[in-house]
Each structure stands twice: as structure tokens, then as C-alpha cells.
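Enquirer: Residues per chain, in single letters:
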Amino acid sequence: MRIYPAKPHTVYCYGTCLVDMFDPEAGLDAIHLLELQGLKVIFIEKQTCCGQPAYSSGYTNEAKRVAASQMALFTEPWPVIVLSGSCGGMMHHHYRRMFQGDNIQSHVEQFCDRVFELTEFLVNVCRIKLEDKGDLTSVVMHTSCAARREMNVHVTATQLLNQLCNVALQEHAYESECCGFGGTFAVRHPAISQAMVEDKTHHLLETKSVALVSADWGCLLNINGALEYQGQSMKGRHLASFLLERIGGK
Amino acid sequence: MSHSSAGPEHFHAQARSALGDPQLRQNFRGAMDYLQDKRKSAFFDPVEEAQLRDLSAAIRQRCLSKLPQLLEQLEANCTRNGIEVHWAENDKEANDIIASIAQRHNAKSIVKGKSMVSEEIELNHEMAKLGIECLESDMGEYIVQLDGDKPSHIIMPAIHKNKQEVSDTFALHLDDFEPTVDVDELIQTGRSHLRQKFHDADIGLSGVNFAVAETGTLCLVENEGNGRMCTTVPKVHIAITGIEKVVEFLADVPPLFNVLTRSATGQAVTTYFNMISSPRKNGELDGPLEVHLVLLDNGRSQAYQDEEMRKTLQCIRCGACMNHCPVYTRVGGHAYGTVYPGPIGQIISPHIMGLEKTKDLVTASSLCGACGEVCPVRIPIPEMLQRLRTHAKNPPKADIMPLKGQASGASTLESWVMKGFVLAATSPKIYHSATWSLSKLNAFMPNHIGPWTQCRTSPKPADKTLHQLIKIRHKKKSDKP
Ligand code: SF4
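Note that the protein sequences, when read in sequence, are chains V and Z. Residue numbering for the first sequence follows my numbering, beginning at 23 and increasing consecutively. Residue numbering for the second sequence follows my numbering, beginning at 2 and increasing consecutively.
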């Protein structure tokens, strides 16, 4: 179990490369949500990507170089809030693992301790209280596997949605099962990935929910691409955008 | 239908063909759902579950940390008990040992209890060459053998078949079989065919679940009673096991047995738990006159060399990782082309067969972590896979023992792509101009980008990146009076 610090006055926001490119609005929405908690949010201009694509492909040395370049940017002891569970897992767990036995190990560990995924930070550090101003609706959520198993943040994302009194959170079959993204896995093993994402969209659609949300853009890239290919009207959004809209912040 | 598998080098093709077989997909999904539910109800208390898994992992780690000593102790105690111990470096040596025991007894038939290690050394095939018939007596293995097939799961070898398909197999191969899909009747049919074979066999062969160093005892976990038949009826019993199965104390067995059965089939205990400590003694009425133990390495000491990879050997072969793996659930066991399929197969096979043959297997995981989440001895399988991927791509470092087939997955193109990635991710200027141009090229994004667009539309970058939006936001803020 992770022990959470008291609420700080300032935090860093780590957008992730996918949010940066594919859903920048979600990045702004997350920053807005954090600001509504009374926090000063710093977005470091020089941030890029956590290095996960190289790491999961077996290019550990390359991933370490990327990791070192990222860690060097966050010099103040403030929390680093990551807008994706799997990048959060990378920076909280795998950075630690990659630099084990290195001379900068303790420095790395201090950084890893400061990394939080957005929903876990909102719930466990900010103790956020959401006031739902939207109409009655239903939503289904997909949590990324890394988020779920490395960061336990399927719990916090659910807690956030459950705070919204007009939103019925639907469960889908095989909720904890992978959507088939896995970064380069989707490209290296396209047939298997296809079988997985088709099952996932099938189960999401089966709930007949109005909205799909996720706090992980990797999965959304995969799931949304499949939904659109199938001609479905359901389209996943980042949880941050959904929450902000519900509380009337947009 | 026989699901021939040409080996792990052909994983892509084998997986594709499995994915295109709706019956197979349905059989696996159904069976895995059932097994997942069974496991869940067996571990109803999460606190107890966590404690048991910690304890089991600790036992396995302790035993592996003294593996060489424990193996020597096991040999000494088995020998003292009258069990003859043999060492086999690889599959060939193991087969030679078994063949020479068989030939010494003029044996023509071997009846087998379930043993994945005997699959690993292709015992049936090798013995057939010498005119020795091996008959599988585990019901699942028996069905698979009738089909000329291979097991698709380490606990439930015929799980790829439903009862109709089993009935069809029997109808094809057994003379007096009245077609039925009644499971009890099917099992009775199989059993009655096996009865006489136990009686007639010259040698009984089994695997080992736990080999106890302290007492020289071989433990065998099973549900059907065929294991006990194989190890008591024929005059000679040969047990074969991987070297990692040794445990230090008899007291180490109950906790491991507990998590094994609960993780595998959701059972609190199995119907049979056999402990074999010696051949038949003077005055005893049954049991084999000779007991042999073959200890097989076959790449395991390579995993042992490296402290992190050593965790691979903690495995107690419960199969839970397969039952929970989204890839295994969809492609089934045969697609892997290895004796051990699924997540455990993906991390042990590279040691047995080398990375050159298994490099596609180590990438065939989305690293979703479902396997590690259920493993009763807490093997961090996704981390092992990541490590193996690194070894597949990179030449050995001076201070670490090279793996068999290391760097065989290296690709110049891919390493250039990664170099480009590092360059972009470590220099903000390049990163920004790359993401900026992507967003500008939005309208010109190709509709088809390789395999991705087989079932998805191509991803569309936003008009402006987050970096750009934030700049605009700052500007707006500072422009405000
Ligand atoms: S790796 Fe773990 S879950 Fe898989 S078979 Fe071995 S013990 Fe069971």
C-alpha cells in the first residue's frame, strides 16, 4: 500500500506524448481540475515521452536515456502528476527497476516516489469532492492494465465516477481484461491484438452506455480506432475531460 | 482434428490459424472462464491469499537459493532409500537413460502418468524408435495421444476439445465405443481401455511435483488414480523431473500443495497425493521392485545462473497464468509450439530452446500483468518477459552470462527506429518539431498504416499539441490586464 503525502501547493503535470499529440484538450482539462483543487500546476515545456515504447520492446539502454532526460526536468520536490496509468507505472515502477544498482539509484527512487497518476492523486492526496452538475447519463470505463495492476488506479478512477450522482457507472464483461494495445504488441502481433480489441469493444458496447471514459490514452487510441472502424457512435474520452464537464468547469 | 504445431518459430502463423477457428476459440474461452471462476472461489479471502502466496514464494526462493546442495542431498537420501538417481544434462541424455533402463528389463511397453517433462524430451517419440510403446494414462493425455496430438495445457492437456470432440475421437479410435457426450460415460470408456494396460506394462513412468531433499521422497499430485497405478503396478517405476522441483523440507510441501491445487483447478486438495519413498520392501505386497529418478537440466541451470531469471524456476506448474492470459485464451496452447505454453512457457522456453527459436514468443504479450497477478509463487512474469526481450535485442554484457540465442532478435531497422525515438524523446526541439508536423499533417494522414488499420482507423493527431495549447494559454493569461 502506498502512503500518500499531504496536499502540496504546487505540482508538475506530465502530459504524456499521446495526450500531447492526440488529445491535448484532455491535458488542459486535467490541469484545470488540479487548479480547481487550489494547486499551482507547472507544465515543463521540455517534457516529451516517458520512454515506455523502448522499454517494453527490450531497448532498456535507450529507455534509460530517455528516462534520465525526463527526470532531469523536474528539479523541485513537487509531485509529478501523470495523465496516463501506464506512463505512471513506467515512471513510478519501471524507472526504479531500470536504474537498480546504478550510482544514481537513490536519486531515481526519490523521483519515482513523487510520481502519481492523475486519479490516484485527486482521490488520495487532494481528497477531491465532485459536485455533479450534469444530466442523468450512463458511462462505462476502461482502465489500462498497467494502471490497474501496477498503480491500483482502477479503484480511484471508479471512486471519482461514483462521486457523480447523476452518472450511472456500468460494468462491462471481462472488465479487467486487456484491450490488446500493449504498445508495440498491437503492431508485432496484429492478429491477436485485433481479437482482443474486438472483444473489448463488443463488451463495452454491450453495456449500451452513453459514454466511454478512460484515463489512459494508449488504450483509447486502440479502442477508439476500433470503434470508429466498426462505425460505432461510441467514442472514448479522457476521464479528466469528462469529470471537468460534469462539474461545470467547461 | 489434430492441431499440428511446427514449433515456436511459426508462432505467428499458428496463432493466426487458431484465431480463425471459432470452435477452438469458444472451447478455450469457455474453459478459461470456468477455471478463472474456480480459482476465484478457492481464494475467497484476499488476505489469506496474499499470505499464502508470500509464503509459497518464500519457500521456493529459499529452496532455489540452495539448489545445488539440495539436489545433492536429494540424491543422497533417495539413494539411501533405494531409489536410483540419474542426471541428465539434456533431452538426449534423459532418453538414453530411460532407454537403457528399459532395455535392461527387455521392456516393450511403458505406461505413463502425466509428465510434462516427458513431453519436453519427446519420450514417446524416442522410445517408439526403439520399439518401446508408451501409453498415456492421464485421461486428457490419453485423448490427445489417440489424436496423435500434443497437450495444449499443462494441467488439462485436452482442454482444447469439448465433449462432442472427445466423443468423435473415441468413435474414431476405439472399436466398441457407443457414441455419447455423457462425460461420465466417456471417462468410464477411457478407464476401461486403460485397465489392462496398467497390468501389462513393463514400466510405469511419472513426473514429480515435489522432490523432498530432507527425506528423499517424491510427491505426485493427481486426481485420477492413474498416477498411483503407474507407480505401483509395473515392476519398474521411472520418475522424471526438472531439477528445479526439489524442496528442502517435507514441511515445505503442504503450503505449496495448497496453492497448487487452488490455483490450478480451484480444489482444496486433489483426490490423490502420492508420496514415494522407496521401491517395494521385503514383505510388502505391492509397489515396484525398482524406482529410478531422472533429474533433467535442459536449460534450467541457465535460468539459475542469473538471480533475477532464477525466479522463473519458482514455478510449480499450476497453469493459472495460462488460464488468465488474454493471449493464451484466444490462441490456445498449440499456437505457441512449445511444451509449456502461455506465460510460463514464454519465460521458460527461451532457456530450454534458446532465444533464436522463441524470440516471437517473448513479444507475444501485451504485458498486461494478468499472469503475475495470479501466480501463486509470485513470479513477476511481465518483468521476466521484458528482460528476455532485452536479451533478444542486445549482445551479452561482459559481466552477465550470455543466454542461448542472445541478440538473435536484433534488427538493424528497428534499432535505427529506436535511435530516432531516443533522439526525439531526449531533445525537446526535435520532439516538438516532430509532433508539430504531425499535427499539421493531420489531414494528410494515410488511411492505412500497416497492420494497425486492419481493424482500426488510423489515429488522427489533434490540430495543436498540448505544448502549443499551453503556450497559448500562458499568453492569454499574461495578456490579461
Ligand atoms: S508461472 Fe506461476 S501461475 Fe504460471 S504455472 Fe508457474 S506457478 Fe503457476
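Since the hints were made in silico from the structure, they are not lab data. Watch out, some of these pointers could steer you wrong.
Calculated lysine-lysine pairs in the DSSO-like style (CA-CA distance at most 30 Å, straight line) [stated by the list, open to error]:
1. 441(Z) to 476(Z)
2. 151(V) to 477(Z)
3. 29(V) to 39(Z)
4. 476(Z) to 461(Z)
5. 478(Z) to 29(V)
6. 461(Z) to 477(Z)
7. 430(Z) to 405(Z)
8. 420(Z) to 86(V)
9. 478(Z) to 272(V)
Enquirer: If a hint holds in the structure, say so; if it doesn't, say that too.
Expert: Going through the hints against the structure:
1. 441(Z) to 476(Z): holds (21 Å)
2. 151(V) to 477(Z): Distance of about 29 Å is within 30 Å: holds.
3. 29(V) to 39(Z): violated (43 Å)
4. 476(Z) to 461(Z): holds (27 Å)
5. 478(Z) to 29(V): This hinted pair holds, its Cα atoms lying about 25 Å apart.
6. 461(Z) to 477(Z): The hint holds at about 27 Å.
7. 430(Z) to 405(Z): violated (41 Å)
8. 420(Z) to 86(V): holds (12 Å)
9. 478(Z) to 272(V): Given pair residue 478(Z), residue 272(V) holds - Cα atoms ~17 Å apart, limit 30 Å.
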